[in-house]
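Undergrad: Listed below are the residues making up each chain.
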Amino acid sequence: MRAPLSWLAEHVDLPDGLTGRALGEVLIRAGLEVERVEELGSDVTGPVVVGRVLAYADEPQKNGKTIRWVQVDVGPEHNEPHPDYPQGCRSVVCGAHNFAVGDLVVVSLPGAVLAGGFAIAARKTYGHTSDGMICAEDELGIGHDHTGIIVLPPVDDHGRALEPGDDPAGVLHLRDDVLEIDVSPDIGYCLSIRGLAREAGQNLGVRFTDVVARTTPTTRVDGYPVRLDDDACPLFVALGVSGIDPSRPTPRWMARRLVMAGMRSISLAVDITNYVMLETGQPLHAYDASLLKGEIVVRKARAGESLVTLDDVTRALDPDDLLITDDTGPIGLAGVMGGQSTELRETTTEVVIEAASFDPTTISRTLRRHNLPSEASKRFHRGVDPAAAYSAAHLAARLLVELAGGTLSAAETVAGAVPAMPSQAIDADLPSRILGLPVSRERVVEILRASGCDVEIDGDRLSMVPPTWRPDLRDPYDYVEEVGRKIGFDKLPSIVPPAPVGRGLTADQRARRAIGSRVAAGGFVEVLTFPFASVEDLDRMGVPDDDRRRALVRLANPLAETAPFLRTSILPGLFAAVGRNTSRGNDDLALYEAGRVFFAGSGAATPIPSVAGRPSADELAAIEAALPVQPRHLAAVLCGQWRRAGWQGEAVEAGWAQSFAFADQAAAALGATLERRPADQAPWHPGRCAALVLGGEVVGHAGELHPAVVRAFGLPARTAAVELDLDALVRLAPGTGSILPVSGHPVAKEDVALVVADGVGAGDVRQALVEGAGDLLESISLFDVFTGGQVPPGHRSLAFALRFRAPDRTLTDAETAAARDAAVSLAAERCGAVLRDF
Amino acid sequence: MPGDQPADLSQTAIDAVVADALAAFAAASTSAELKEARLAHAGERSPLALANRAIGTLPGPERKDAGQRLGAARAAVNAALAEREAGIGAAELTQRLAAERMDVTLPVELAPEGAPHPITALMDLMGDVFVAMGWEIAEGPEAEGEWLNFDALNIGPDHPARGTTDTLFVAPLENHIVLRTHTSPVQIRSMLDRPLPIYVVCPGKVYRADEFDATHVPVFHQIEGLVVDKGISLAHLKGTLDHLARSMFGDGIETRMRPHYFPFTEPSAEVDLKCFVCRGESVGNPDAPCRTCKSQGWIEWGGCGVVNPRVLAACGIDTDTYSGFAFGMGIERTLMFRNNAADMRDMVEGDVRFSRSLKGMAR
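Just so you know, the protein sequences line up as chains F and W, in that order. Counted from 1, the first sequence has number 466 at position 466 by this note's numbering; the numbering is strictly sequential. Take the position in the second sequence, starting the count at 1, then add 838; the result is the number in this note's numbering.
Pulled out of the complex, with its shape left as it was, chain F reads as follows:
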């Protein structure tokens, strides 16, 4: 809503000198979202005066234009001597032709600056020195019209004759402050000058004069016949005005206000309905009475009906659409948009003015169904004061009489009635308790009465009936808010509520944070990608048809048709992030992301229980059961160099080793150790993929990507990736852990080199050594992998360093040797390992 200060001032006694900005501050404190205050005309400075055209000569130019060389009287202060005119004048070049000798025009003289910083100076053009400019609307910033210059009326709004040299700002309504306010859905009454003036009056403590002054009479249908066939229209006022002169223009002041309010001037009759709507908040519609056929009936649409709306679109109607109809069928979508068949024409001389009340929900559905936001629907779907309809219709009728020469028919129609407002009762101390600020019962009553409520006091209870323009006052807390708004939230004390002792982060939350810290410290960079997916991504990853990742959840209205599903794997998103990075020259990447993936659920619908009370256990269980399965995953992708070549040494390529290290670090953050088993899983290289196992469960996979996947996604060669079920990792990680005893006895070191066939995993050999060595083994590490030399083809030598220690004694050589031999012998038994002499 855009509200000119001058318009508001006609309805409320604003203090002298109050600026739009100052009023904006007051309204902001009262809870109105004043987005900005425009100071119109403030950018027009310097000599801009009324001028009278003394003479002109039309001069055709070579470029095909005809310019006018004009002598204009701009008053004694600004006139220059001229041989033909004793009072003097200025001579200017003008491109427009819509004026005659004797007309009053607006002249900007050298030194003036017009809208948009357009500076005026004397300049040579078309063979003359033009000593100023005759202005059009757009040049003064008061409109968009540039079809001709402004021709002023001979007198101003107060009937005073305009003279050359006068300041035209008044007659042009050049200067005004316009408050632009974003009206929240609960205060629809503020979509009007009337409502904003009321708020200004209440918050400034000054007198407000309500333009809605007429009481709605009881039902009478002696004007145009109207029948209400649906509860969604409780009231319909129709007034007839005949004999209007369609050639009358909209007066400048009205057109200017419409423009300032953000609307366009269309024709006098339409402008009047819009003007009254802006002023009262009551949308009006004017029908060409000669085009109406028979009784107006307000009813819901019937199957198969359609309507051509004012915007020239044929709309198929829904049985829930509320219609204005006559004998020909639908003539308007109630409260949303009128129909073309009865709209005002250039020849219209008789109109029927409609001022009706409609159910907000019905209007809201129709406006969304037909995607037809309009000035009317914007108001009706928030709720319009039904008591304003009758007055608004009369205001419009009076303007049609005054400005368009029409005659108001004495017969009028008031179908239906203003609905009663619902009463509510609250404890008088409820506002104090909920606001946390003492507010006396008297103050509560005073505020609510000032807001228009009828308040009855019954001891500590208050009973209220809200005013007709406040449908938002319904629940007890609505009244609390009204009191709070009027007192001002800035008056509230600031009190931190004492929470009971908390338990901190949950174990799962701590675990996830520990993992994030660990892998970030370990060199991985977290990115966040959109969790949307496509079948094509799964195809490119080579995911088989029976893979769980094919259990995609489809979106009904995806943001992009190319990614209409929710992700079942984080990897495609990371692959895309790799592409964006490498295209920007970030070639060495170790990216990770933690987030939810989505697997299709049961396919059942979630129930929508009543909101009157807590849903039943069954209803809540049914909601849970129908939702997609949404585990958290943790994934990383690596390419380029893990470490760049430098003075310290050679480059280290990023690859499968770092993908394993990522998983190991994530697990280590939780005190867990992952076991790796060879695996064949898309999108990985079948010979370079490990299943990551914890507690006997596969919790993820890691390794180098399949070359076909690398190609399909356009990734750098030998890109590696890892994806873990983060929830499973956290669930399976060991619990509290215990501190190991630290032995002070000496360590005994034994190195063994074992020759095994190529297919035998180092991890399996290590495991056999660990189990074979028994409790005396303190640690074991693989320090060499060797092929060639004395190692037979198809075999590898794996060298392990074993450290033995007892908690209670120094180990003898014999004890150490026995433990080592037991380890080697189990490795021989399980893995076919043969001890190799160094």
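Just to be clear, a hint being listed does not mean it is correct.
Derived BS3-like pairs: lysine-lysine, alpha-carbon spacing no greater than 25 Å straight-line [stated by the list, open to error]: (1) K124/F - K65/F; (2) K1197/W - K1043/W; (3) K491/F - K1068/W; (4) K491/F - K1112/W; (5) K300/F - K378/F; (6) K1112/W - K1132/W.
For the record, the hints were derived by calculation from the structure and aren't laboratory data.
Once you have looked at the hints, place chain W on chain F.
TA: Using the frame of chain F, we list chain W on its own:
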């Protein structure tokens, strides 16, 4: 070398031997030379050692006298040796330290430069403010039942936010599953699942069918707070928001509430943060404009209010006994004004330079 000759135990001879030793020590300029001099003049076969051995052959009275004189001589030699050793050692250490000087400005790198995403870091930081107050962090699914995302929050079936132009739906529409449009369904879950009183924050990812530009992303993050307890008022909300503001932006930074409308709260307000850069000093002061608050003095931060009793009722909470407050703010928006992130698109495109720019910290 005088080694094998018979020992001359005269004082003159001893003095000469001592003088030789001191001269040899003084002449040594490296540890190696000193070692040689030590072997020659203080070693087992040095004149003094041999003389010492010869003492035993002397008769009693002479033995005592010679012993004292030799002892003094050996002490003098050993002292001189120790002094010279210390001197040469210090000089050599100085030399070594000078020789081993290296360029400490050379780059070293144990691991590549990793970083959590700034959104994650900021979300954790904000959560920690509340954990420190005794609150807990609640979480919930992102694909959510429509009842939890809308109905329970007093967002009725005709509310425009429930349309497909605003909300992303899981197909088919009649299954009533949405991608949560706020973390408020976690508040509902908290009220359904947790014992009263409730003090929780709900950080997480949310979705809107929004355009994708410098200030809008369709997938973003929020943190919401919820308190349900006896005697909770709007003043408690104000106190909590002020505490959050001070914790994150420093002492003296408070919040302002402006009345607003939300279906799930009544009264409702928008919360503004006092500008933590200019502290309001830029207002009406064109000479010192503030980019952070655009010289408004306040920064729009989020929405808040007293929990609408209709919401409590939908969760089965006795509205005569309990009241509550709730608030919520966008993490992306907070990052934008707090850490000068200029373009929201950077937050979701995965460029490592963006993630690394806070050096892992949401300071």
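Undergrad: Of the hints stated earlier, which fail here?
TA: The structure breaks none of the hints.
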